[in-house]
Each structure stands twice: as structure tokens, then as C-alpha cells.
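> What follows is the residue order along each chain.
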Amino acid sequence: MKRRFEVVVSLKDGLLDPQGKAIEGSLPTMGWSNVSGVRVGKHIELIVEADDEAAARRQVEEIAERLLSNPVIEDFRIVDAEELS
Amino acid sequence: MKRRFEVVVSLKDGLLDPQGKAIEGSLPTMGWSNVSGVRVGKHIELIVEADDEAAARRQVEEIAERLLSNPVIEDFRIVDAEELS
Amino acid sequence: MFAAMWSEHCSYKSSKVHLRNLPTEGPQVLVGPGEDAGAVDIGDGLAAVFKMESHSHPSAIEPVQGAATGVGGIVRDILSMGARPVALLDPLRFGPLTDARNRMLFAGVVSGIGQYGNSIGIPTVGGEVGFAEPHSANPTVDVMCVGIARADRLVPARAEGTGNLLVLIGATTGRDGIGGVSVLASRTIEEDAHESRPSVQIGDPFTEKLLIECCLELVDSGLIAGLQDLGGAGLICAVSESAARAGTGVELDLDAVPLREQGLEAFEILTSESQERMLAIVEPPRLDPVRAVCEKWGLGIAVVGRVVSGGKVTAKLGGKVVAEVPAKALAEEGPVYERPMAPAPTAWVEPDLDRVEPLEAFLAVLTSPNVASKRWAWEQYDYLVQGQTLAGPGSDAALIRIEGTKRALALSTDGNGRYGSLDPYLGAAHAVAESARNVAVTGAKPLAITNCLNFGNPERPEVMWQFAEAVRGVGDACRAFGTPVTGGNVSFYNESGDSAIWPTPIVGMLGVIEDYGLAVRAGFPERGLAIFLLGDTESEFGGSEFQQVVLGSVGGRPPKLEFKRESALHRVLIEAASRRLLRAAHDCSDGGLAITLTESAIASGVGFAVDLGEDPVVAMFSESASRAVVAVELESVSALNGLCESEGLPAARIGETMGTRMVFGDLLDMEVEDARRLYEDAIPNLMERPAELAG
Amino acid sequence: MTARVGVITFPGSNDDRDAARAVRLLGGEPVRVWHNDADLSDVDAVILPGGFSYGDYLRTGAIAQFSPVLGAVRELAGAGRPVIGICNGFQILCEAGLLPGALIRNRSLKFVCRWVRVRVESASSALTEGLEEGRVLEIPVKHGEGQFVAAGEELERIEGEGLVTFRYCAPDGSVDDVHNVNGSSGAIAGLRNERGNVVGLMPHPEHAVDPDVGPTGGRPLIESLLEQAGARVLS
Ligand SMILES: Nc1ncnc2c1ncn2[C@@H]1O[C@H](COP(=O)(O)OP(=O)(O)O)[C@@H](O)[C@H]1O
Ligand SMILES: [Mg+2]
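Chains as they are written, first to last, in my numbering: chain F, 6 to 90; chain S, 6 to 90; chain V, 7 to 701; chain Y, 4 to 238.
With the rest of the complex left out, here is chain F (with noise of 0.2 Å):
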């Protein structure tokens, strides 16, 4: 069985986001000042072909931790998950 899942890693809070500063710093002169909190993280989708739902996740979740996500400076979290064929 095939499933797709949609991860999200996002930097950790209370870190410097460079990017999420660049676009709110841009946003007021483009005509928008009432934008605060921007931050700027990944979206990763991938199809998992395993027999069961719960050990697709797990396998996803050692993914996102030992190789999509920086635990030094990230954290993720799986947001949707669908099944396919």
C-alpha cells in the first residue's frame, strides 16, 4: 500500500530566521504593514510503500529525524498523510 506523507521542519523558535526577516522586512513597502511572524521552514512529501499506516509513520519520523530535520536547530512534525493506490 502506498502512502504519501507531508513533513514540515521548521527552525526552532527563539532562532535567527534570516530568510522570515528578509520577507518582513520587505512586506511594508510593498503596500502590506500588518504581517509580523514570518518564518521560513521546508515542506518535504514522500510515498511510502509499507503493508500498515502506523509503521509507515514511524519509518517517516526516523526519516524527518535523522536526516531531513537538524534537531540542533530544527524540529518537524508530520502534517498530512494519504493513502494512495
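Calculated directly from the structure, the hints in this document are not laboratory data. Each statement offered as a hint is correct.
Here are the simulated EDC-like pairs of lysine to aspartate or glutamate, each with C-alpha atoms no more than 16 Å apart in a straight line: (1) V:Lys-412 / V:Glu-520; (2) V:Lys-322 / V:Glu-257; (3) F:Lys-17 / Y:Glu-157; (4) V:Lys-19 / V:Glu-465; (5) V:Lys-326 / V:Asp-261; (6) F:Lys-47 / S:Asp-80; (7) F:Lys-17 / Y:Glu-156; (8) S:Lys-47 / F:Glu-50; (9) V:Lys-318 / V:Glu-257; (10) F:Lys-17 / S:Glu-50; (11) F:Lys-7 / F:Glu-87; (12) S:Lys-7 / S:Glu-87; (13) F:Lys-17 / F:Glu-79; (14) S:Lys-47 / S:Asp-80; (15) S:Lys-17 / F:Glu-50; (16) F:Lys-26 / V:Glu-694; (17) V:Lys-412 / Y:Asp-213; (18) V:Lys-318 / V:Asp-259; (19) F:Lys-47 / F:Glu-70; (20) F:Lys-47 / S:Glu-79; (21) V:Lys-412 / V:Asp-50; (22) S:Lys-47 / F:Glu-79; (23) V:Lys-412 / V:Asp-521; (24) V:Lys-322 / V:Asp-261; (25) V:Lys-22 / V:Glu-344; (26) Y:Lys-113 / V:Glu-385; (27) S:Lys-47 / F:Asp-80; (28) S:Lys-47 / F:Glu-11; (29) F:Lys-47 / S:Glu-50; (30) S:Lys-47 / F:Asp-22; (31) V:Lys-566 / V:Asp-542; (32) V:Lys-302 / Y:Asp-40; (33) Y:Lys-113 / F:Asp-22; (34) S:Lys-17 / S:Asp-80; (35) S:Lys-17 / V:Glu-267; (36) V:Lys-412 / Y:Asp-215; (37) Y:Lys-113 / V:Glu-694; (38) F:Lys-26 / S:Glu-50.
Once you've looked at the hints, dock chains S, V and Y with the ligands against the given chain F.
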């Protein structure tokens, strides 16, 4: 009223995703060979101060169209909206 | 398939008839136009392989990936000759930076070139950036690559030896870029804008780096008989060209082509312009060792065809013959047009100098983006990797050591579209002269050029006239300086609405200095040196930076160019350097003498005082050609004068290096440090204004 | 006894040839190591060079940390032999947990290639043994993700235990924000592990050894490495 929105920006289908390809290629050496369709995109959080939800959502769509994404090679979707204070 | 192959981009149909009369022979030329890249003998049994190509159309649509894939493409042209790429240069033109879209395009193109060039480990050591209104909707993005190979090991792009295998190495094939660059570069921007399929592709520098190392290992171990990159019109172009060159035919098995997407039709597989792919010609017994090298570098490899006799290209898909065409018909016998031509009118404006306030004029020229420091761009490039960069961005010519020898390559790209808008012939001749001057001023001898001819829509007679005149100018200048044309690129349809770009031929000059220990730099190294201006100065402001930013409009005729005087200047600069007479040397170009002196002072912080004669504004800002500023020890003055006399080259001692200020007669006096800050901050100040997030 | 220094080539490494050339120029013997070889038994020290390992996709050095040779690198580090991470190599050592902290995108959001000054902060490291603290060296940086960051208490430990080995500084050695080329916490340009044999730095000493090319602030660091590597063989 403050609302937090989450936007996902991803490469248009059919376009090569070098990041996704490199990650997918490295997973087997780490013991996972049941993973495919790896695609990497951007996940952006922003907090908008606006009276009603519809106005805030329209504004986020405009920001995503003009600044957060490059319409030539990327699509975007608003994945979440949450009332704060 | 024919549309892609016979598009303007691949068949040069509008330009071929004019390109025929360019000089392409010389003892130093090992490979001339017609191959993937030109090659020049640089001694010690080594060849320099170099070429320039335009990626302007994709960059106008998506600057980051458009420019990035431009770097990838030109590098593969050098690689397919079996040469290790050692240097990249990027001549660029944009619209004025006062407009947010132009800032976004400039930031995107530089970011794309940096991302791609830096990650494949090839130093970007020079280039140019020019800003002018006609380039607003049509940025010009050219990229030049230089490689070094053993002269006896140059790999032909020929499908030789019936029975040999055609092996596709590198990325998989997708629908992206179907009829991409060949169609894109054969239509104007509007016609392309509403194209549904994204005709821009995403570059994968990581796969390119693996492709470079893998192909070089295959060449060095003598495992392959031929190599060809896949560029415009993809597989069918590469296959038919290499078959046509060898007089052979090819049987293609499209089922064997590794696909990135399912269900591609035959013509899509044949014309797909997916990036990072190479085609090798391999003798059957060598297939396994070739596969081993590719797998070591983690690259896909597939046998997609065989060389056969008979000169026909046949392609099969699903066991059915889907295409059968004579190779020569595809590659060489595209249509040749003699397009109608009509001279383009040029405005005439008399410069009125007495109303000019000197300090105000000087600051306007110094901080004009065309003249001011381009550090904002080139600091985003790795110009140090490979460890052979003796002089990088910021110098008149980049100097790249030929590892293991005392010699170095000297590289410069130049082209002045403003001169071309007034007189396409003279503008083009100046491009060759300025690039040769930038090489000679370091002490190196100019050897040969590549070039990129950037023009508007050839279906308009005045554009075709501009093109023919520009090619004539390049030809005459190359004959005069003994620097033959080894190849290059033509980019038409650079226009949208009614605004076409100025006729912009960009020349890439390659030279060699025999002992880089004798190379001369532009900066004044110390105080107490005599400053000489070599060459004649007259009141020549046509198309000058002064005319544009101080007088406010462009008109008249560009400065005259006498080939004999320009060659004499080159000979004096090269001879003087070889006799260690020069402590500094810098060519006069945009902005005139005032800018040349200021740049030499800024480079080291050493000030100067010069006398400007009775017509200071002309002395400061005229852009008369064939001039250079040199600084010499006092005991070398007589030797320099003797050398100049022997060549009939006027040499005026105009002042001395001293103190920390720049003193221009009694016209102007300013601290070098103040000029440096203005010169360095001009572009950063414009670019820090908010632009859309680029790249 | 000429010191044998392994230089690892990952797919995407660019400055591996430059590191090998610098080692040879200063009297060492470079040994080219392919990332798939898991054996570093015949070298006295190892350099993880600059470049874009695996295209630096996902995060710089994210994928390289899983390559086979990293096991051998950990053993070498455990045995107290010099392990030097330059630029991308530094990022890989952090990702692999051999050095604390992480390198994120430059404050300017742009790649920067520039000659800078760094100040030696600690003399007890494989690269700075025998150099006096406070010495200023001119070395080039070339990177897009060189901003060093660490969580609050981790940063305090790194500073407190004297692990900082180099800081970006002005020509006179003073540390100020203008010369902090990428916005790193504490202007940190490089640091070492507790024992001092594992060192990571963003500047490229291998590009500052040849007077024909430019300033030679990298020579004392490579000389110190060769000495440390050679000494290891003697003791
Ligand atoms: N896009 C670029 N990439 C790399 N180097 C550049 C670029 N633009 C300018 N430079 C370098 O900056 C110096 C001055 O640039 P510019 O004034 O545009 O050229 P020129 O002096 O030939 O007119 C040159 O040494 C050139 O090599
Ligand atoms: Mg110049």
C-alpha cells in the same frame, strides 16, 4: 484579530526537482528503499492582523502570488489558518 | 523535429550568410567554428578550449534558473571537447536599476550564475555588467567558459566507427523544455509569454559536477571515441550533427532512453532539452569499463543507439520506426536566408561643454552603474576554486595560471551597445579592440576570440543591417589584430513590443602571458611614480558615459578607431611589461581618463596629481580609443619614451602618484577614500531598495 | 617522517584538489580518499574539504554525514588524530555531531567570496598549536551558509570551555559587526572539540598558501596541522 496562516510553495509538476532527487537517491544507502516521489518545497508561516478571515485570506493569497512564490515555476496553496488572540 | 533543428537558434539561418566572411584561420587556431567550441594552441602541448553562449530568453522569463542552465550548457560544450573547464565569465546587460523589475532580474541572474557556477567548482573570474533602457524587457545574459586540454587529446564530436555504441550519460529525459531554447530564441518575448508549458528548466549543478568528473575520467583513460553535449533540440541535434560530421548514420532505440516522466512521444524524446546529459561514442568492448566509471560517479548510463553506415538517422520506439531522415539534411542543409537590410537612422547631438560643473559631472559618471564597482555581483561568485586565479574580478583581464607552468591565460569580455546604437560597424570593432586592450594592458598577447552577437528581430530590415555591419566590424578588427574568430553564438529576437536591444556584439578575448611573474596590475603600487597617458585624446563624446549621464542623451558618432594605432598600443604594453618597465597599467574605456585614473588609485589607496592641459573637461571625460594609463619608476621614463617613439605612439607624462588625494589639475581635488566609497556603494545602495525576493 | 594527510572527496566536493595541493606545497603527503572507502587506517590526519557535497541539497552536509567514510572519520577523531573540516567539511562535522552548533544561511542571504581577517582564539587545536592567541590571519571565505548558530546554553559552553578557535575580526584584530562577514554568533569563524583534535572553520586556509595567488594567512594553520599529524606518528 490576529490570524496565523501557513503557505506551501512547491515546484510545478513536470519540472525537475534536484533536491528531491538527491534526497531520494541517498535514502537507500541509509537502509530505506521503499520511498519514492520525494519533492521539496517551502513552508511559510505569517501572522496577519485583519478584521475578517476572508480579507486576511485574500491578502495572504496576494502576498504568496507576488512575493512568496515564482509563478513561472512554482504553485502555492494555503494549508492552514488559525485565529490567535 | 525539423522545426527545432531549423529554428534560428540551431541552424543560424539568418546569420550564416554574414558569418562566412569572419577570419577563422591562424597558426594558433587548432579548432575553428563548427565544433562544440574553438581551441587555441597555448604551448607545452596544451590547448585552450573556449566559447560563449547567450541564455537571454530563458533568463527574461525566470532569471535564476534561466541563467543557471546557461552556465550548465556552456560548460558541457567545453566538456564535450574533452577539456577540464577552468574559468567562467559572465557578460550581462540589464535595464536601469531605478526600476524594481530590473533589480529583480539582475539579482536573480547573478544568484543563478553563482548557485550553479560555485557548486560545480569552476571559478567565475570576470565578466561585465551594463545598464541601458533597451535592455529593460530584454536582459542580455551571455556566459563564456574556458577549458584546458592536451592538444593531442581533443575529443571530436563525431559519430565515427560503424558498430560503435551511442551511450547517453547523466540525467533522465523529461518533457521540460520541449523545443525550449531553439523555440524560445526564435520568437520574441510576447509570443512566448502565453506558452502554457513552462519552457524554463531547473538546473541541477550537482549532477553537472558528477558529469564533469565522470566525462573527464572517461577522456583521460581513453575509454571513449567521441563525446557530444545535448543542447538545443536535444538528442536529435546531437546525434544528427555528430553523424553528419563523420559522414555516418545512426540507429536510435528510443525505448532505451531513461525517462523522468511516463508516456513521452517519440518527437518529445528526440527534441527534449532536459539538462545535464552527454552522449558518448563507445567501442562495444569498452562498454563495461565506461559503465563502471559512470556508476562510480553515481550517474545513469544507457545505450541508446549504434553508429551505422549510410548517413541516415533512424529512430525506433516500441519496435516501430518513428523517424528516418538523412543526417546531413537535419544538421547542415537548413534554409539559408538573405534577409533584406536597411540602415537604421541615428540621432545627432552636438555636446555643449561649457555649462558642465566638473565635480557634479565627475560624481555622476563615477557613480553611474555602468562605471561603478560591480563587486555587488562578483562577490557572489567563487573566483578562487581550483587555486589558479592570479587576477580575478576587478582586474582588466582575468589571469588564470596554466598549472605546472610559468604561463597564464588572460581573459576579458567586452562590448559597448551604446556605440553600436550609433554605428554598428564601429561598435563591433570597438568591442574587439577593448577586449584586446584589456588583455594587452596586463602584458599578455591577445590570441583569438569567441563572441556572442545579441540583436533584435532579424525579420526587420534595420536589425539585419545592424547585424551585417556588426559582423563586418568584428571581422575587420580581428584581421587587424591577428586574433581569429574560433566560434561563438548568435542571439536574435531580443525585443518586445517595439523596443529592441541595441546591437550588442560581445567579444571574449583569450590571450597568453609567457611569464605571469611579469604581469602588470591596474592599481598604483606606490607613490613617486611617473604617470603617462599613452595615445591621443580628442573631443570624442559620441555614445560616451558622460554624454548619457551628464548631457542626458545619446547621439553623434562613436570615437574613431584606427587599427594601426590600437595595435601599436598593444605592442608597446606587451613589450614594456616584458622589460619590467611598468609598475601599473590600466586601459581607458567607459567614463574616460578620469575614471581610469580613479580606478587605479582606488585599487591601492595611492593618490596622484595630474595636469589636464587647456581643455580639462575633454581630457577628463572624452572616450577617445586606443589609450591606456601607465605608471613607471623615474629611471624607466626614457626607456618608455623610446619604446613609444619606435611605435609612433604619443606618450604624455601627465603627473605623478603621491599622497592620498586625487588632484585633477585645478579642476577637481578629492580624497581617494571618498571616491572609493562612492564607487563601491553606488550599486549596493540601488540594490538594497526592496526588490521581490529573488532566488 | 612526512605526515600523510587524507583528503576526502564526496560527490560534489570542489576544494579537495586545492586542499591536497596545499598539503603537498607545505611538505605533507596528501592521500586522496573516495567517500565510499571506509578505511582511513594509513593516514595520520584527515581533511573534509570545501565544496557542495551532494549538491548541499536539503542542508549543507546533510547527506554527506551518512556516507561510508564518516565511520572511519569518527574512529580517527576518537583516536585523537587531527580531523579538519573546512567550509562544507565544517558543516558535515556539525551535522555528524562531531562538533557542536550548526551553520545556517548567511545574514545577507547571499553567497560571499571575500578575503577576510580571522583572529586565533585558542592555541590548543590541531590547526593552531604553536600560534599565539590574538594573532590575525588573512584568509578567504567563500560560502552561502556560513552563519554559525547554537542554542543558548550550548553557545555559553562553547565560549566558556574555550572551544572557539577563530573569530572574524578587523585588520587590527578587534571584533565588530561590520567584519562579521555572515552574522555568526560571537563572530565565530571556527571551533574545536574538547580535546582539540577535531577542528572546523568556514575560511579556506588551502586558498591562502600560494603568494602568486594572494595573502598567505593559511600557511601557519596547515603547517601546524602537518606538525600535529607528524607528531602523532612520533609519540
Ligand atoms: N558579472 C560579472 N561577473 C564577474 N566579474 C565581473 C562582472 N561584472 C564586472 N566584473 C568585473 O569587474 C570589473 C569591472 O567591470 P566592468 O566595469 O563592467 O567591466 P569593464 O571594466 O571591462 O568595462 C572587471 O574586472 C570585471 O571582470
Ligand atoms: Mg577594463
